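For reference, the chains in residue letters:
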Amino acid sequence: MVEFSGIKEIIKPENLVYKKTNIMTENILSYCPGCGHGTAHRILAEIIDEEGLQSEAIGVSPVGCSVFLYYYLDIDWQEAAHGRAPAVATAIKRLFPEKFVFTYQGDGDLAAIGTAETIHACNRGENILIIFINNGIYGMTGGQMAPTTLPGMKSSTSPYGRDVKTMGYPLKMTDIVASLPGSYYVTRQSVHTPANVKKTKKAIRKAVNYQKLNKGTCLIEIVSNCPSGWKMTPVQSNKWMEENMFPYYPLGDLKTPEE
Amino acid sequence: MEKELRLMKGNEAVAEAAIRAGVDGYFGYPITPQTEIIEYLMEANPAGTTGMIVLQAESEVAAINMVYGGAGCGKKVMTSSSSPGISLKQEGISYIAGAELPCLIVNVVRGGPGLGTIQPAQSDYFQSTKGGGHGDYHLIVLAPASVQEMADFVDLSFELAFKYRNPVMMLSDGAIGQMMEKVYLKPHKERSKTSPDWATTGKPTTRERNIITSLDLDSNRQELFNIKLLAKYDEIREKEVRFEEFQCEDAEYLLVAYGTSARVCQKSVQLAREQGIKAGLLRPITLFPFPTKRINELAGKVKGMLSVEMSAGQMIEDVLLSVNGKVPVYHFGRMGGIVTTPEEVVESLKSKFIGG
Amino acid sequence: MTEEIIIAGFGGQGVLSMGKIMAYSGVIQDMEVSWMPSYGPEMRGGTANVIVIISSERISSPIIKHFDTAIILNQQSLDKFESSIKPGGILIYDTNGITRHPERKDITVYRVDATEEASKMNSPKIFNTIVLGGYLKVKPIIKLENVIKGLKKSLPERYHNLIPINEKALMRGKEIITEVQRAI
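Read top to bottom, the protein sequences are chains A, B and C.
Heads up: the first sequence runs through residues 4 to 262, numbered per the working numbering.
Heads up: the second sequence runs through residues 58 to 413, numbered per the working numbering.
Heads up: the third sequence runs through residues 1264 to 1447, numbered per the working numbering.
No lab work stands behind these hints, which were simulated from the structure alone.
Nothing here was measured: the structure is a model prediction, and the numbers come from that model.
Fair warning: there could be bad hints in the mix.
[What the hints assert, rightly or not] Cut-off 27 Å, straight-line C-alpha distance, at most; resulting in silico cross-link-like pairs (BS3-like, lysine-lysine):
id, chain 1, residue 1, chain 2, residue 2
1, C, 1328, B, 407
2, B, 409, C, 1328
3, C, 1383, B, 243
4, B, 285, B, 350
5, C, 1349, B, 335
6, A, 215, B, 250
7, B, 250, A, 102
8, B, 246, A, 102
9, B, 407, C, 1349
[Unchecked claim] Calculated from the model, a selection of chain B residues having no Cβ within reach of chain A, i.e. all distances over 12 Å:
id, residue
10, 99
11, 125
12, 130
13, 144
14, 291
15, 300
16, 412
By construction, the Cβ of each residue, glycine as well, lies at the ideal position given by its N, Cα and C atoms.
Input sequences plus hints: build the corresponding full structure.
Here you go:
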């Protein structure tokens, strides 16, 4: 047993260095230790708080690990069918053009079953923000192959490694979206180091402002880890991500507005 | 304001009635025989007048999920399609029913299965009235039998949809969608500027956050939700049954038919009576809820019933349940996009009940 | 009064629009009407037909098998619908391109050579209005003034400059329709 006897002396306002943002609810996150979702949620919540968007925001959560995203952020939410979030968000934004409308989707949701909805929402230039968590695997259902699973990467449905000859190649949806005239700001970031967290947060803030200016679709891919699905410790998974995911999915802006 | 008289196709009437009913959004995808709905709306361009959004989606799947999003905002939203497209929408319809969202889905039915034909049929009765998608749910199903009703039922659909927080299907067919008749259009209604208190509108500090979802992983809570839905369907069965009767007072044989078949059967009743056969017609206007009680009452007065449908016999199952063995019930109908003729119905009635 | 009509011919001959003019005219005359087209992938050159019912009473079935009047504009339609005319009913046809003429003796047959006439008038597009004029001569169920109003209703406004030539066509149709055979 760890001795917590001195903890009450430590929890004092003058010792506070970090706290839950107002937008995060009291619900305990369902994510595995070391998973990037929690960090991504947190910075999204911070932006909504800092930009005063609580009464403006309508989020659309996906099917995937973040299906219960609506438990964690204290804003209005719609839970979409698998892959359909961009269609749901399209209607919300068209009917409420003054609101801040965003989707939060994983790779299976956005790049497999929802490919059509993603591409067409972006191609219409729907004035929404799409946050795309790419961890190269289906986390919620227990580690099956995703459209973004790397060549040779093992998963429960590619137990001998993804054989691109029979299973196809990892899909770079963000690159596809960047090529569409309707998309306005497309970037690929991560949340595995404090520096990257800052960059991602900056990207979300930019997208919020572009939406206020009715500029078109913004898509922010967050390349992330899945310690459970990858069968690694959190630290190992981040290292593996840097060494394997980033070369295939290089970080940085894919499409930036001419300013 | 006086009602305006027009000559219109059923499909056009739905579109014009939607604009006048103050609908906030239409999301659709072209498919014969209902494409005039989106064409009419695009040409009318109501965004500039009422502010109604009209959007051609990339697929029926996207369109129904747009309806989900719009309905979740508490707005009056709708889609339309024909049979193969309605099959594609079933996923979204199940989610809409599960999230208890109000909306209107128009099905201008064509013959199936598969791509089938583009000609009129009534072969989507099971799909419309028994669920269609996965899970225990019901749509409220209205069956128009004229261009006038295609217009009138738009307003009625939204009234019922919002009253019960339940999706409503208008089950029409290619004949009513494509034909022109006189239609009296209602005056324009203002679009509502507000949304119900359950809708996602952006969370003000004065209320808890609103969540539109059909998900609950706790089986006990999910079962309670299922029970709540059942109670809602029972209330709908109790209060919303609509039907019309033609010459049932002294009828010895009852035709039961909806939509186009009911129009055909009106003529059949007339032809049969000219031949001395006392026929009557009961036309269900709501297919869910089904006029079970009334059909059961009539079963005590007639010698037999004929369920006339442009299908292999789907509604007959509800007629049989309603009659509960009191009198014989048969089916007659053409398929493949062929509309039954009044004479064929009379022949069938004679051969099944009278002999020869 | 109930008049049940089928109009059949090639797509592009104005079959559906002739029916529309009739239906609009009926509405203007405060009658009940229904206009039920055969719809589908019928393009120019394919077959097209429309059932028009004009009645002083509520119309039951818009789809029927037997007609008071058949207006026939090509051979395929004649072959298909000659037998659908009620005994004592009327068949109106344009003889252009017809190789097998009507054979039934229990119907009254009229010919209206509208193709030829339209070409004489240098305006092939008014072909269907000539036929309609002929029909109104033998079945004057709608007043001419209401037909002209119906024409205006069914034509998009950008074509309203064509109303005078169509009026002329209606009159011409009335003049040229000829009885070929009286029902026995």
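Practice task
Compare the distance between the alpha carbons of residue 1349 of chain C and residue 335 of chain B with 27 Å, and conclude whether the hinted pair is satisfied.
Solution key: holds, 25 Å
Problem - Distal placement of residue 300 of chain B relative to chain A, Cβ over 12 Å - result: With a cut-off of 12 Å, residue 300 of chain B remains clear of chain A, as the shortest Cβ separation is near 34 Å.
Exercise for the section: Would you check the hint for residue 409 of chain B and residue 1328 of chain C, treating anything up to 27 Å between C-alpha atoms as holding? Expected result: holds, 22 Å
Exercise for the section: With 12 Å as the threshold, tell me whether residue 291 of chain B passes as away from chain A on beta-carbon distances. Expected result: With a cut-off of 12 Å, residue 291 of chain B remains clear of chain A, as the shortest Cβ separation is near 27 Å.
Practice task
Hey, is residue 144 of chain B genuinely clear of chain A, shortest beta carbon separation above 12 Å?
Solution key: holds, 15 Å
Practice task
Could you check that no beta carbon of chain A comes within 12 Å of the beta carbon of residue 412 of chain B?
Solution key: The assertion about residue 412 of chain B holds, with a minimum of 54 Å to chain A.
Handout entry: Given pair status - residue 350 of chain B, residue 285 of chain B, alpha carbons within 27 Å
Key = holds, 23 Å
Practice task
Could you grab the alpha-carbon distance between residue 250 of chain B and residue 102 of chain A and see if it respects the 27 Å cut-off?
Solution key: Given pair residue 250 of chain B, residue 102 of chain A holds - Cα atoms ~15 Å apart, limit 27 Å.
Problem - Pair hint residue 246 of chain B and residue 102 of chain A, alpha-carbon separation not exceeding 27 Å - result: holds, 25 Å
Problem - Given pair status - residue 250 of chain B, residue 215 of chain A, alpha carbons within 27 Å - result: Distance ~22 Å between residue 215 of chain A and residue 250 of chain B Cα, so the pair holds.
Problem - Restraint check for residue 1328 of chain C with residue 407 of chain B, where alpha carbons must lie at most 27 Å apart - result: holds, 19 Å
Exercise for the section: Evaluate the condition: distance from the CB of residue 130 of chain B to the nearest CB of chain A exceeds 12 Å. Expected result: violated, 5 Å
Checked against the numbered hints above, the structure violates hints 3, 11, 12; every other hint is satisfied.
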